[in-house]
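Go by the hints and put chain B onto chain A.
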Amino acid sequence: MRRSRYTTHRIMNNLFVYCEIEDGVIADVSLELLTKGRSLANQLHCKLEALVIGHRLDGVAAQVFPYGVDTLYLVDDARLYPYTSQPHAAVLINLFKEQKPQVCLMGATSIGRDLGPRVSSALHSGLTADCTALEIGTFEDKKENKTYENLLYQIRPAFGGNIVATIVNPECRPQMATVREGVMKKEIVDAAHKGEIVRLDVKKYVSDTDFVVSVIDRQMEKSKINIKSSPIIVAGGYGVGSKENFKLLFDLAETIGAQVGASRAAVDAGFTEHERQIGQTGVTVHPKLYIACGISGQIQHIAGMQDSSIIISVNSDPNAPINTIADYVITGTVEEVLPKMIKYYKKNSK
Amino acid sequence: MSLKIVVLAKQVPDTRNVGKDAMKADGTVNRAALPAIFNPEDLNALEQALQLKEKYPGTTVKLLTMGPPRAADIIREGLFRGADGGYLLTDRAFAGADTLATSYALACAVRKIGDFDLVIGGRQAIDGDTAQVGPQVAEKLGIPQITYAEEIISAERGKVVVKRRLERGVETVEAPYPAVITVNGSADECRPRNARATQKYKYAKTPSERQADNTSYYATLCEERPYLNLTEWGVADVDADLSQVGLAGSPTKVKQIENVVFQAKESKTLTASDTDIEELIKELIVNHTIG
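Those protein sequences? They're chains A and B, same order as listed. Numbering-wise, the numbering used here puts 173 at position 171 of the first sequence, and it's gapless, one number per residue. Numbering-wise, the numbering used here puts 163 at position 135 of the second sequence, and it's gapless, one number per residue.
Bound-form chain A, shown alone:
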């Protein structure tokens, strides 16, 4: 690794990624953001800095450095795990006052969406939730007749997904954004890369009065459903009709080696679990095959699956909006089509 003699904190205005940790493991969404952060930092000619707050953080460095992290800040204290809002916010607020980063990224998770707004409010910096793309570019403020270079374009769907807005924070720093899991791709830059580790003294950043909320009970489930990385997804919408019919999707998925996803309408109707929701307010997926069953194709849903390589739409309505982006449109009901797919797969696969 090329190491400058000045690995101090004199170079500021860097790009920070707040990394989430559960049971010693850095969350996928954080690794995805490190990957994105690395490429943005290269464009901005600044450092990529990772911040991990929790307890027993010894295994963290090995997990994040392969993603090209220049500096890893660790804040280790028994009271910092599990996450509570104010102590974690205090670290970010005080560290950012010192370091003045230009960008801060975090996952659009239960944690990031709790932490981000509190930090942005304290620093009076702009925050954009649930970005689907992040780019670097120029912004001309015509009213003020001012041009800003190298701003972070925070691109997100708005208004129920009907429009896509590009948001910028011209004056305030850091420019903050949250991104959902699965939107960015994680990619190791160099498995052997090692950056600098800076251990921060918790007492300098967090005061005892920040520890006001106590977690009495906590039951986390290991995420058993991983639709994000499945190469084939069978997804159902409101048109599937019932929880019973949804079993057909599981049958097909099991037969062809797929995971089952769902639209928001199907989740809201109680056909299946929330963790399977695909779309703007769920997971974003890019499988090689996406079989949409009884999904009409609300824009919010399409936003989360349009990059699938092949899309098959099974719908009794030949004019369902999703059909316009499908490669194959099968006009028929789930009850009639899915059993046939299972039957002919079994017959033809060797």
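Some clues are possibly wrong.
[Stated by the list, open to error] Dumping the calculated DSSO-like pairs for lysine-lysine here, alpha-carbon to alpha-carbon at most 30 angstroms:
id : chain 1 : residue 1 : chain 2 : residue 2
1  : A       : K144      : B       : K283
2  : B       : K310      : A       : K290
3  : A       : K249      : B       : K310
4  : A       : K49       : B       : K310
5  : B       : K296      : A       : K349
6  : A       : K290      : B       : K296
7  : A       : K102      : A       : K49
8  : A       : K188      : B       : K283
9  : B       : K281      : A       : K188
10 : A       : K205      : B       : K187
11 : B       : K283      : A       : K145
12 : A       : K290      : A       : K249
13 : B       : K283      : A       : K102
14 : A       : K187      : B       : K293
15 : B       : K281      : A       : K342
16 : B       : K310      : A       : K349
17 : A       : K348      : B       : K310
18 : B       : K293      : A       : K290
19 : A       : K348      : B       : K296
20 : B       : K296      : A       : K345
No lab work stands behind these hints: they were computed from the structure.
Coordinates of chain B only, in the frame set by chain A:
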């Protein structure tokens, strides 16, 4: 032991079931085609407040909403369902606010209300889906925040116990109040309107609405029944700093808005016949998409 609760509520365009007429030909949003509704998760929040009111007699529930004059509908809807009063924060200077400027204005209004134990709002509004206003209001008031609440279990002797619904599990936390709580859509649904309350508050109006109906009959009615007078506040009433509200107080700027157009593909249309489906499955196996 009774509580003083402020419920944050927003009037939003119903973006959930957007029809084809929601977008105009020029790519702008056709607001007229979208009905204005009570933000769904704010109704979950109101329900939590009303449950606390039942549990702790003497508790008062007041709504606080920011929006155009017609957002007074939200306060009336809350009154019909069991709230005790409300405040409409309305001023042209609030227009164009991002979440930070919105939180600042709301925090000013909560301070103006003064005496409160809990501020409860929905997790997020369906027109923005940001979930930022609750935590930002908490930070501005310098009090704890509890997000993703599914059930407010108790609020006694200065401590509130809340069950939170997170992405991968549930958590129960205890926090001192005053505090801000944001409620998840998975919490209990809001009760319907109460017939008696609906009768009682049918003519509840803000000062600007009263001006539009200044018949002497109505004026007398309001004098006799002070609860029909809804509070309406502008920037000056809540001692807000003009540079921190509305567009001027918003660090985020919209650079560009694009209408979403999905690239239509050339699709093959098949029937549900055995032949069509077998052909498709064979094709997918041959090109190694499946199997």
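Right, here's what the structure says about each hint:
For the hint linking K144(A) to K283(B), the alpha-carbon distance of about 11 angstroms falls within 30 angstroms, and the restraint holds. A hinted pair counts as satisfied when its Cα atoms are at most 30 angstroms apart, and K310(B) with K290(A) qualifies at roughly 16 angstroms. Taking the CA atoms of K249(A) and K310(B), the gap is about 24 angstroms. The hint holds against a cut of 30 angstroms. Simply put, K49(A) and K310(B) have alpha-carbon atoms about 51 angstroms apart, too far for the 30 angstroms limit, and the pair is violated.
Pair hint K296(B) plus K349(A) holds up; C-alpha atoms about 23 angstroms apart against a cutoff of 30 angstroms. The suggested pairing of K290(A) with K296(B) holds, with an alpha-carbon distance near 17 angstroms, which does not exceed 30 angstroms. For the proposed pair K102(A) and K49(A), the alpha carbon gap of about 12 angstroms is at most 30 angstroms, so the pair holds. Restraint check for K188(A) and K283(B): the C-alpha separation of about 28 angstroms stays at or below 30 angstroms, so the hint holds.
Annotation: proposed proximity of K281(B) to K188(A) holds, straight-line Cα distance about 29 angstroms (limit 30 angstroms). Simply put, K205(A) and K187(B) have alpha-carbon atoms about 26 angstroms apart, close enough for the 30 angstroms limit, and the pair holds. Distance hint between K283(B) and K145(A) is fulfilled; the C-alpha atoms sit about 12 angstroms from each other, no more than 30 angstroms. For the hint linking K290(A) to K249(A), the alpha-carbon distance of about 22 angstroms falls within 30 angstroms, and the restraint holds.
Restraint check for K283(B) and K102(A): the C-alpha separation of about 24 angstroms stays at or below 30 angstroms, so the hint holds. Between K187(A) and K293(B), the direct Cα distance comes to roughly 25 angstroms. Compliance with the 30 angstroms bound is thereby established for this hinted pair. For a cut-off of 30 angstroms, the pair hint linking K281(B) to K342(A) is broken: about 52 angstroms separates their Cα positions. Straight-line distance between C-alpha atoms of K310(B) and K349(A) comes to about 10 angstroms, which keeps the hinted pair within the 30 angstroms bound.
At roughly 11 angstroms between alpha-carbon atoms, K348(A) and K310(B) fall within 30 angstroms of each other, so this suggested pair holds. For the suggested pair K293(B) and K290(A), the alpha carbons sit about 16 angstroms apart, so the restraint of at most 30 angstroms is met. Restraint check for K348(A) and K296(B): the C-alpha separation of about 23 angstroms stays at or below 30 angstroms, so the hint holds. The hinted pair formed by K296(B) and K345(A) meets the criterion: a straight-line CA distance of about 21 angstroms does not exceed 30 angstroms.
Going down the numbered hints, you'll see the structure goes against 4, 15, while the others check out.
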